[in-house]
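Chains as they are written, first to last, in the working numbering: chain A, 217 to 465; chain B, 217 to 465; chain C, 71 to 290; chain D, 71 to 290; chain E, 8 to 299; chain F, 709 to 989.
These are calculated hints, taken from the structure and not from any lab test.
Accuracy of the hints is not assured; some may be wrong.
Unchecked claim - Lysine to aspartate or glutamate pairs mimicking EDC-like chemistry, simulated, CA-CA at most 20 angstroms apart:
#1 B:Lys-452 to B:Glu-437
#2 D:Lys-77 to A:Asp-353
#3 E:Lys-115 to B:Glu-273
#4 D:Lys-107 to D:Asp-252
#5 C:Lys-201 to C:Glu-94
#6 B:Lys-452 to D:Glu-281
#7 C:Lys-258 to D:Glu-98
#8 C:Lys-201 to C:Glu-220
#9 A:Lys-221 to A:Glu-442
#10 B:Lys-221 to B:Glu-437
#11 B:Lys-221 to B:Asp-287
#12 F:Lys-885 to E:Glu-25
#13 B:Lys-307 to A:Asp-393
#14 C:Lys-77 to A:Asp-458
#15 D:Lys-191 to D:Glu-281
#16 C:Lys-120 to D:Glu-281
#17 E:Lys-22 to F:Glu-799
#18 E:Lys-22 to A:Asp-293
#19 B:Lys-452 to D:Asp-211
#20 A:Lys-307 to A:Asp-293
#21 D:Lys-77 to A:Glu-401
#22 B:Lys-408 to C:Glu-78
#23 C:Lys-191 to C:Glu-98
#24 C:Lys-191 to C:Glu-202
#25 F:Lys-885 to A:Asp-270
#26 C:Lys-201 to C:Glu-88
#27 D:Lys-77 to B:Asp-458
What the hints assert, rightly or not - If the Cβ cut is set under 10 angstroms, some of the chain B residues that face chain E in the computed set are:
#28 Gly-290
#29 Ile-292
#30 Asp-293
#31 Met-296
#32 Gln-306
#33 Pro-308
#34 Lys-333
#35 Leu-344
#36 Pro-380
Computed from a predicted model, the values in this text were never measured in an experiment.
Glycine included, each C-beta is placed from N, C-alpha and C at the ideal position.
Below, each chain spelled out in residue letters.
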Amino acid sequence: MDKIKIENLNLYYNDFQALKNINMSTQQNKITAFIGPSGCGKSTLLKTLNRMNDLVEGCRITGKVLLDNEDIYGNIDVNMLRKRVGMVFQKPNPFPMSIYDNVAYGPRTHGIRSKRKLDEIVERSLRLGAIWDEVKDNLNKNALQLSGGQQQRICIARALAVNPEVLLMDEPTSALDPISTLKIEEVIQTLKKDYTIVIVTHNMQQATRVSDKTAFFLLGELIEYEDTEILFSTPKDQRTEDYITGRFG
Amino acid sequence: MDKIKIENLNLYYNDFQALKNINMSTQQNKITAFIGPSGCGKSTLLKTLNRMNDLVEGCRITGKVLLDNEDIYGNIDVNMLRKRVGMVFQKPNPFPMSIYDNVAYGPRTHGIRSKRKLDEIVERSLRLGAIWDEVKDNLNKNALQLSGGQQQRICIARALAVNPEVLLMDEPTSALDPISTLKIEEVIQTLKKDYTIVIVTHNMQQATRVSDKTAFFLLGELIEYEDTEILFSTPKDQRTEDYITGRFG
Amino acid sequence: MRSRFDKELDLLNNELIEMASLVEKSIENVTQALIHKDVELAKEVIEADKEIDNMENNIEARCLRLILQQHPVARDLRLISSILKMITDLERIGDQAQDIGEILLTLSKQNFKRDLIYLPKMAEATIKMVKESIDAFVNSDIELANQVIEYDDVVDNLFVTIKDELITLIREDVDFGEQSIDLLMIAKYFERIGDHAQNIAEWVVFSITGEHAGERKIQD
Amino acid sequence: MRSRFDKELDLLNNELIEMASLVEKSIENVTQALIHKDVELAKEVIEADKEIDNMENNIEARCLRLILQQHPVARDLRLISSILKMITDLERIGDQAQDIGEILLTLSKQNFKRDLIYLPKMAEATIKMVKESIDAFVNSDIELANQVIEYDDVVDNLFVTIKDELITLIREDVDFGEQSIDLLMIAKYFERIGDHAQNIAEWVVFSITGEHAGERKIQD
Amino acid sequence: MNKVGINMKSKFLEKLMEIVFFISACVSIISVILICFFIFVNGFPAIAEIGVFKFLLGKDWSPSNVPPSFGIFPMILGSLYVTAGAIIIGVPIGVLTAIYLAKFCPKKLYNFLKPAVNLMAGIPSIVYGFFGLVVLVPLSKNIFGGNGYSIITASFLLGVMILPTIISLSEAAIRAVPRSYYEGSVALGATHEYSTIFAVVPAAKSGIIASIILGIGRAIGETIAVVMVAGNQARMPAGLTKGIRTLTANIVIEMGYAAELHRGALIGTGVVLFVFILLINGIFSVVKRRMA
Amino acid sequence: MNRLSRLSRLSRLIRYTIKFSAIITFGVLFFIIVYILVRGIPYLKPSLFALEYTTENVSLLPAIITTIIMTVLALLISAPIGIFTGFYLVEYARSGNKLVEIIRITTETLSGIPSIVYGLFGLLFFVTALGWSFSIIAGAFTLAIMILPLIIRSTEEALLTVPNLLREASYGLGAGKLRTIFRIVLPSAMPGILAGIILSIGRIVGETAALIYTAGTVAKIPENLFASGRTLAIHMYVLSSEGLYTNQAYATAVVLLIVVIGINALSTTISKKLTKGNIDG
Ligand SMILES: Nc1ncnc2c1ncn2[C@@H]1O[C@H](COP(=O)(O)OP(=O)(O)OP(=O)(O)O)[C@@H](O)[C@H]1O
Ligand SMILES: Nc1ncnc2c1ncn2[C@@H]1O[C@H](COP(=O)(O)OP(=O)(O)OP(=O)(O)O)[C@@H](O)[C@H]1O
Ligand SMILES: [Mg+2]
Ligand SMILES: [Mg+2]
Ligand SMILES: O=P([O-])([O-])[O-]
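Only chain A is shown next, with the shape it has when bound in the complex:
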């Protein structure tokens, strides 16, 4: 069954149509990459998947986004939705508190108070984020004192701590150096077995490295959506070919 299914999705920022009749679906335990030139609507589409676009003024939607066959724009609890569909942002944005509190923030929000349980969640999440070994002796350290790459892994761990089903990542490595980037990509790979992941990247190499399927957008339209290997070796649409070979623009 499709984990996420997008049906005839149109999105407007006031009068400007940022997404045009998008149809696509993602399976469980797959990594989907969104690529395309700046402003093509990658981030916008990503945000519709956990309704972070609700926070944007003047944003209006038609069409459906189904998570496990349930329309997330229907009558559902947005906070619960965001618990199920976690998000990692472009710039690492840990809260200005200790590493522990950062990771525990989500679970606490959702009513978990028991110290033992929190400890357990924090450790598990940090391990999944491949950052446990680096910080386990310093859980009380302020997260802002970590390096950018470490911060981003903390943010991943933080997102994992609420036990989401889907993980959205908007250019999660664009603010990082190449080595941190590789580390994050590695984390993403290992997360695949437990999560459905959607990642926006402007780095086509990254898309080829990490994703199973790739969607190419242009001016708000979904041009091509294919297995990554196929899309990058034998794209069907000329515009895709032009973009990935750098002939675009």
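Based on the hints, put chains B, C, D, E and F with the ligands in the right spot on chain A.
This is chains B, C, D, E and F with the ligands only, laid out in the frame that chain A set:
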């Protein structure tokens, strides 16, 4: 003859030694790339070439940097040096004035007042920066209203307007999208025939694409300095190999 | 940067075409040498092989450099990797022309006992294949490439015919044994040239469509 | 990501080694079939070629995918491009083993007139070359690779010896003509297997040092 | 079950707090309405009774005459003169000092001067006024003659008083200019001074202008310090070395004992002052909008 | 050669002008401070701090106590309202909202109104209309309105400097608005808010014009909130305008200065302490 020659250069930020006994030289009309992990001293070395490090407190140097066989740390006029050795920064930083005034700023600084002459310089520089066609009808537009990639080309044009001999670029495309990046790389290629160019990049692909020679730094040391093609296909030092193949760290 | 890359790709293309035309020339020459028993021409062919090998090395280096520098994807990557493979085939064709040339040197010392009817025909057929495979590459002509692939059967059949012919001849004349072995070798070489031409045609198809035209020809 | 890349490289390595061992097996089998006139074994070899071709396709696809995904440079790129080339040679060796097998099928229908002394020796020599070239790859052993490159002369000389031997035999016995042509073919195939082994060894050297070990062997 | 309970409770709390925040936000609106209402309601009748023109342009202020005369034109001029003087003295020095602090000051000295500017801003106006009274007035008397209570004295004092406003805001504006402008200029071979004046300061233009406007507002609205040094004669300005009365002084001096129409006229003075300030604020927000 | 010297001549001129201005500014400032300290400190006698004010001792103490009461009272009224308004403006209001526009305009207006107008208003509204007469509470309410824009503004600015990324992260984890505000936004904004409050204290302590006609000038410790009282600043105003107690006025000025210096020092230490650890954001 070597355009730039660095001899036994050591650089300290207070007690911290950021560059360790660097020896290298660059020829006229060559593009040299500096690569290396974050913090290895690429930017620092670049800045020593036009003494922008003079602006940094606590920065101390031993050794020599020769420009056309003259020690730039000897008894010379720093402003004249910086006129000869231009610089383009990581983030496009046009002044908040018109495109025309941006490019004319340097020549005016150095005493050129004639409108006709300035017009000429502005046009020539903008052409070299491959931005003339895009802005020629809008020279009075505020440069800040341009896109990032255009701004960066304005900055290149601005640097060229004072007629430098050497052009230093510190990660000039790291703040840009891939397409603007390609445009800038193209500009760099065409500038090669008139200028000596040194470019810092954390993007190894970029180094392979644009540069003739590449220098790899690690912890303030120059590890390997070679023809780009050789360095990336048969590096001599294991550390270089580890870095360029991503095995580092 | 794209424009630089495109320039490099053009250069690569041109070099490949140049190499291909050298190879074409070689097999044409060697065929002429065979028909006219022209020792000098045979020697020329042997000489030419060095040049071809050189070109292969150059093109190979260029391909690797492009892969290194430009990270080609999609059509670009297919093109470069196809070229990387095609030059192996071209080089082999060159080698085989050279080999034929060398046999001709020994043959011409003896007197040809007989003229074979089918050998020149076979030579012509393989030349046609090589030429057309290259044309297919130059013009990105899938149809032509497929024709080449088909046509290989003709060449294979010719080889069987020649082999049977030779065996009959040996039976008729023992002294012809040594010569017949050499002639068979030559036929075999042409047959293999045909195979390599077919391979080239298949790479052409791959570089355009991204798919291998069926299983590549695998038997000699 | 590096660790994933390393894993993929390992897989690639393993697949290459597997393919190489299949190829080794094939030429060993075909040699046994030759010596013992074992039709069944010859058929097995012919069968095995399909498998080898398959593997070539897989490895090739994997190489291209790695180039696409990982943008290898330096040693990694050399390794992948060497493998891309080596598989062509391995596949050719497989083909040639198959070809020998096919000849054996016809040969065994007739009675072998004579046992050749040198042919098994030659077979052994080429097997040794193939094995050692692969060993050199597995152990990144430049010295061994160079030995293989040297050793090809031995195989080439053996071919000349066999050819002379056969010509003498034909002179002695006209009926032997047909068979001798087949046997010569087999010898020629072994000689070419030697060439390909040499090529593999040269690719091994390239993948380690980044330099081609002199000009590659170019004549058959 | 539990989860749902938490959700219900938190939903209610969310709504409740939003309402609380909203009500708080309305307080400032209510305040402005009240202020306007009380000032205008108490001021307008008097102005109407006196006559708008007579009130605004009348040159004679004699509340105790019979019949009284309530012309505040002298005070309007007084405020304008004193403010203009303060601008002439305060703006160039303030802006240049801000440049000094942002771009020329050695770090050690800065650590000392910056708190000094803050202190300057924090010194109550009564202290400035007292200083003016005991130092500037005699000084002015010695230099310019007269009794020392004069436009010059008041201008100088106000000029000093608006310095911290101009310095702090201008310095912040200059510091907010991305370092990259400065570096870009230096990298073109320009000197430190040239880069500062021609690349950095223009980029801070709108912030500097905003600081000046705020300074003007402060000068017009200043009361106690002016009262103590301006002489407070309710007559048309007679010269730079002569005394004068400002709008603010008019209110504070006479409000204590005024009644009836006189009281209304003073409140009317407040109305005029209020309108002045609104005008200045209007200009300020236009500048600020330009800045964005 | 010529060009070069033109550039350096221009540069020198610029440099000298700037330095000259700085010298004037700080020269004047230090002169004021030193002058007042030198003249005032000798008169800081114990009798100035007597519990009871008489025309003999001209005691400061009642004024100091009144000042403290006034400050606390005004802050109690203004701080919650101001901070909540900040919350509303930044976290709840959508930018197209008319109400927000109005609030922005009103806070700007409030912050521009001269203190004498506040004084007038206090007199007309609290003292007269509400009939509180000259009293501490009338003064405190007047001051509360006066400092309201300062607190709103500084709260708003502090909230705005909290990067949206943090809010998004919190919402992204399924947290609601309140939790996001109190757990994420407020802690980060605290130093800025505190700085605003401390600035407000400074204004209250130094204010004169707004208090003369609201709190009155009675020089006793007020017995209850509806009693009149004078703060330090008014005390000094009265002393200096009566012209009889110049020396005591100097002493009062010293005390005021010390209070202001103390408040400044406090604000810097607090904001330093609170910003430590969360440098970036
Ligand atoms: N809040 C907004 N209001 C109005 N238009 C918006 C808003 N956010 C985005 N847009 C517009 O919608 C389009 C898509 O934006 P989006 O951020 O999704 O692009 P993107 O593909 O993520 O680009 P990038 O690679 O630069 O992040 C753009 O044209 C953008 O200008
Ligand atoms: N002003 C400074 N004071 C003290 N140390 C500094 C200063 N600037 C740089 N350093 C240190 O010097 C070293 C080299 O810095 P540099 O900026 O040259 O690195 P880089 O190679 O350019 O790195 P990046 O890729 O992150 O730009 C680093 O360890 C850095 O921490
Ligand atoms: Mg985006
Ligand atoms: Mg750097
Ligand atoms: O290249 P081959 O000798 O195998 O045809």
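How the hints compare with the structure:
1. The suggested pairing of B:Lys-452 with B:Glu-437 holds, with an alpha-carbon distance near 15 angstroms, which does not exceed 20 angstroms.
2. Only pairs whose Cα atoms come within 20 angstroms are accepted, and D:Lys-77 paired with A:Asp-353 is rejected, the gap being roughly 31 angstroms.
3. With a C-alpha separation of about 13 angstroms, the suggested pairing of E:Lys-115 with B:Glu-273 holds against the 20 angstroms cut-off.
4. Restraint check for D:Lys-107 and D:Asp-252: satisfied, since their Cα atoms lie roughly 14 angstroms apart, inside the 20 angstroms limit.
5. Under the criterion of a C-alpha separation no larger than 20 angstroms, the hint pairing C:Lys-201 with C:Glu-94 is consistent with the structure, at around 7 angstroms.
6. In summary, the hint linking B:Lys-452 to D:Glu-281 is supported, as the alpha carbons are separated by about 13 angstroms, within the 20 angstroms threshold.
7. For the suggested pair C:Lys-258 and D:Glu-98, the alpha carbons sit about 24 angstroms apart, so the restraint of at most 20 angstroms is broken.
8. Note on C:Lys-201 and C:Glu-220: the hinted pairing holds, with a Cα-Cα distance of about 15 angstroms set against a maximum of 20 angstroms.
9. Distance restraint check for A:Lys-221 and A:Glu-442: the Cα-Cα separation of roughly 15 angstroms lies within the 20 angstroms cut-off, and the hinted pair is therefore satisfied.
10. Of the pairs offered as hints, the one joining B:Lys-221 and B:Glu-437 holds, with about 16 angstroms between alpha carbons and a cut-off of 20 angstroms not exceeded.
11. Taken as a hint, the B:Lys-221 and B:Asp-287 pair is honoured in the structure, with Cα atoms around 9 angstroms apart against an allowance of 20 angstroms.
12. Between F:Lys-885 and E:Glu-25, the direct Cα distance comes to roughly 9 angstroms. Compliance with the 20 angstroms bound is thereby established for this hinted pair.
13. A C-alpha spacing of about 16 angstroms is found between B:Lys-307 and A:Asp-393, which places the hinted pair at or below 20 angstroms, so the restraint holds.
14. A distance of roughly 16 angstroms separates the Cα atoms of C:Lys-77 and A:Asp-458; the hinted pair therefore holds under the 20 angstroms criterion.
15. Taking the CA atoms of D:Lys-191 and D:Glu-281, the gap is about 32 angstroms. The hint is violated against a cut of 20 angstroms.
16. Note on C:Lys-120 and D:Glu-281: the hinted pairing holds, with a Cα-Cα distance of about 19 angstroms set against a maximum of 20 angstroms.
17. Restraint check for E:Lys-22 and F:Glu-799: satisfied, since their Cα atoms lie roughly 14 angstroms apart, inside the 20 angstroms limit.
18. Our distance criterion of 20 angstroms between C-alpha atoms is met by E:Lys-22 and A:Asp-293, whose separation comes to about 16 angstroms.
19. Between the alpha carbons of B:Lys-452 and D:Asp-211 the distance comes to roughly 19 angstroms, so the proposed pair stays at or under 20 angstroms and holds.
20. Restraint check for A:Lys-307 and A:Asp-293: the C-alpha separation of about 27 angstroms exceeds 20 angstroms, so the hint is violated.
21. Taking the CA atoms of D:Lys-77 and A:Glu-401, the gap is near 15 angstroms; set against the 20 angstroms cutoff, the hint holds.
22. Annotation: proposed proximity of B:Lys-408 to C:Glu-78 holds, straight-line Cα distance about 18 angstroms (limit 20 angstroms).
23. Distance check on the hinted pair: C:Lys-191 and C:Glu-98 sit about 12 angstroms apart at the alpha-carbon level, within 20 angstroms; holds.
24. Proximity of C:Lys-191 to C:Glu-202 is assessed by CA-CA distance (about 17 angstroms); at most 20 angstroms being required, the pair is judged to hold.
25. Taking the CA atoms of F:Lys-885 and A:Asp-270, the gap is near 13 angstroms; set against the 20 angstroms cutoff, the hint holds.
26. Proximity of C:Lys-201 to C:Glu-88 is assessed by CA-CA distance (about 12 angstroms); at most 20 angstroms being required, the pair is judged to hold.
27. For the suggested pair D:Lys-77 and B:Asp-458, the alpha carbons sit about 16 angstroms apart, so the restraint of at most 20 angstroms is met.
28. For the restraint placing B:Gly-290 at the interface with chain E, the shortest Cβ-Cβ distance is roughly 18 angstroms, beyond the 10 angstroms limit, so the hint is violated.
29. Contact between B:Ile-292 and chain E, as hinted, is not supported at the beta carbon level, the nearest pair being about 12 angstroms apart and thus beyond 10 angstroms.
30. Hint status for B:Asp-293: holds, given a least beta-carbon distance of 9 angstroms to chain E, under 10 angstroms.
31. Against a cut-off of 10 angstroms between C-beta atoms, the interface hint on B:Met-296 holds, since the closest Cβ of chain E lies about 7 angstroms away.
32. For B:Gln-306, the interface hint holds, the least distance from its beta-carbon to any beta-carbon of chain E being 9 angstroms, beneath 10 angstroms.
33. The interface hint given for B:Pro-308 is met, as the beta carbon of that residue sits about 9 angstroms from the closest beta carbon of chain E, less than 10 angstroms.
34. Hint on B:Lys-333 is violated. Least Cβ distance to chain E is approximately 17 angstroms, over the 10 angstroms limit.
35. The beta carbon of B:Leu-344 is not positioned within 10 angstroms of any beta carbon in chain E (closest approach about 15 angstroms), and the interface hint is therefore violated.
36. Here the hint on B:Pro-380 is kept, as its CB sits about 9 angstroms from the closest CB of chain E, short of 10 angstroms.
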